[in-house]
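Q: Each protein sequence line maps, in turn, to chains A and B. When you line the first sequence up against the working numbering, it's residues 1 to 663, in that order. When you line the second sequence up against the working numbering, it's residues 664 to 819, in that order.
Please keep in mind that the hints were generated in silico from the structure rather than gathered at the bench. Heads up, the beta-carbon is just placed ideally off N, CA and C, and yes, glycines get one too. Treat the hints with care, as some may be off.
One-sided and incomplete, this derived list gives chain B residues near chain A with beta-carbon spacing under 8 Å [said to hold, decoys possible]: (1) R667; (2) L677; (3) G732.
Derived DSS-like pairs: lysine-lysine, alpha-carbon spacing no greater than 27 Å straight-line [unchecked claim]: (4) A:K414 - B:K744; (5) B:K669 - B:K715; (6) B:K715 - A:K379.
These are the residues of each chain, in order.
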Amino acid sequence: MIPELGHFALLAALAVALAQVLLPAWGVWKRQPQFMAAAGAAAQTQFALVLLSYACLTWAFIDRDWSVAYVVANAHSELPLPYRISAVWGAHEGSMLLWVLMLSGWTFAVSLFNRRLPADLSATVLAVLGALSVGFLWFMLGTSNPFDREVPVPADGRDLNPLLQDPGLVIHPPMLYMGYVGFSVAFAFAIAALISGRMDTAWARWTRPWTTTAWAFLTLGITLGSWWAYHELGWGGWWFWDPVENASFMPWLVGTALIHSLAVTEKRGLLSAWTVLLAILAFALSLLGTFLVRSGVLVSVHAFATDPARGVFILAFLCVVLGIAFTLYAWRAPRFAGQGELALFSREGLLLLNNVFLVVAAAGVLLGTLYPLLIDALKLGKVSVGPPYFNAIFIPLTAPLAVLVGLGAAANWKRATLAEVWRRVRWAALAAAVLGLALPVLLHERYLLAAAAGSVLALWVLATALQEPWRRIRSRRRFVEGLGQVPRGVWGMSLAHLGLGFWVLGVSFVSLYSVERDVRLSPGQSAELHGYEFRFLGIENYAGPNYDADRGRVTISRDGQLLAEVLPEKRLYRAQQSVMTEAVVDHTPLRDLYVALGEPLDPEKNGQGDWALRLYVKPMMRLVWWGGFVMVVGGLLAATDRRYRLARAAEARSPAATSEAMA
Amino acid sequence: MTKRQKRMMAVASLLLGLGLAAALGFTAFRKNMMYFYTPTDLVAQAVPAGAKLRLGGLVTPGSLQRGEGLRVDFRLADCQKNVAVRYDGILPDLFREGQGIVATGSLDPQGVFVADEVLAKHDENYMPPDLADSLKTADGKHSCAPFKSVTKPGTA
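Can you make the complete structure from the sequences, with help from the hints?
A: In structure tokens form, the structure reads like this:
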């Protein structure tokens, strides 16, 4: 009964979502406040229904209801409870349900927090979100219903893909989806601005916290995904330029551009049309990502075996949504011409330049991701573009960005002078140059110019990130008083830029100084790598809840001193008879030591003979993820800045008055 | 500068950036594009030794031989032809005889494909689309007799 209830709730949610589109649209058109007001109630009802449906599917997993096809495909009676709950989003149907749940959740939040928005704007935003929800619910009910029954009912399930049985995966997809779907709010605001023709600093102030929150979630999702891949795929890589990774990275790049251009629009009332375009693009890329992942057109570790009908539906949906959005844009955006002047050497000018680099980087990634698909579709052969392409395009575009970050934060709004900016950043520049050039030596690594350049850039970003809060603190008489006076938005920006600095440092070191070795070892033998001695002590067997494992024992020492004893595993998951590598990592902030079991090389000795082992030494690996997490904290701080709460009450003021108040 | 000139400057800088990216992109493309071959393609075409490419096929049962250290030799086949492959490293978890895999590498002068990466997908029902397509015949469903079926069991 429970699955039918879930299915029915989804159908009801579709009906309510339709009402959420039609009633407020009618209300806005005919200027009838009571119809506009229906949007909020519809959004809340829809959220309740989707939540109910989601709970029903979760219950089917907890209860091991083998009459539901999706549960059979993704669970097993021996699968532990936490993984049965996370298995809900372990494959296509359930992750679409999660997607819709997120969408209705964001809509619900908008309906709660936007009560003080002008009624017509609020109604339009909710109607647009409702329309997206209609599309996705229709898609689910039509092509991927998670509540379909399995007849006859099997005795047991086929188990969750063993790759997904990892704590990293429990939280990675929900966070990523929160980000993807969160950009729908910025998109809805953009469409509302186009429809109403009103686009001012107040609009930017309403949109900013939503966009920043979505961006923070997307950052978190990508970071967790990278961390998960590193641990679970057994290849020791943290980013593969896999098309699905790119699918999440493109909206991130454009979303990052968007949060910066929103800052310009809010503070200076400029770049309005560009901001609206970015909001549309960020969501377009989120949808494109969904299409790429769900349609099975991609060769990727993430690609599910799929059904072409789904791809066609999402592609059609993509075309309709973007077609409408860009038509509206072409028609209405010209009236958003900014009132102020934009000096290129000013904070807004540098932010615009940052936008150009970010968008161009996103375009480069898009090209590399779509080109092989295009070539295949035109029957010109099957090609693939490897990581070297993406590195070649990405690194030269990100390096100037790192320089700009520091300059932008030091430049004044409206008009900056070189002398003033230089006076502010000279110590940071000097410290970054000296320390950065020395860093490879201080860390006893081989001297590589690229690593020194990376260090200089990273330290420059770190040093300049601290300047804005420092300036504000210093402007007060007492340190503690100053500390309290720095707004959260400034802390947020500062932290996010610090995160970028950590990230650049981590990426430079880990990509230039990682060493790896695949070795063949018999029990008792050892191998040397970068000064570390890895000794393989042998293998023991044990049985986990739904798998059998060979557990290796490896000690790691340096200069005769024992650093760690690690237990890498090779698991055979019983239900799917699939083998998984559980790598282990011993880590400090400065280095990761990574050990993965390869395969037994003497089959006749039943695992007690030689084994292949994969060993890595990766300096500063942790900084890459820490950088991501610090950015997330920064984003969340910025999104909860006091002035958004205060400003929500305020109606649109004139741009001049606002920028005065904010300065 | 007038407002219009400034806007033109902004547009010009955007175009310049895009142009730069396009230039970078296409250079990087030419260097890093890898074509996908089946064993039949590889035998039929004169591929220069040393050119990077991806080779997809099924591991011929009984062909796997281990050598010194981590060295392995095996043969990759489609329905007509097969190619000798040499690899020095750790094979992926799902590497089995009869399984479809994709190897990245180049031909050596003796015509042996030297792989520097071997990929097998982590879902054994899943076949890389490139490979599945290359094994299909005109009627859309074909599986080479000694190997696992190309189509997913249960959905065929």
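Q: Give me the numbers of the hints this structure contradicts, sorted from smallest to largest.
A: Numbers 1, 4 and 5 - these are the hints that the structure violates, sorted from lowest upward.
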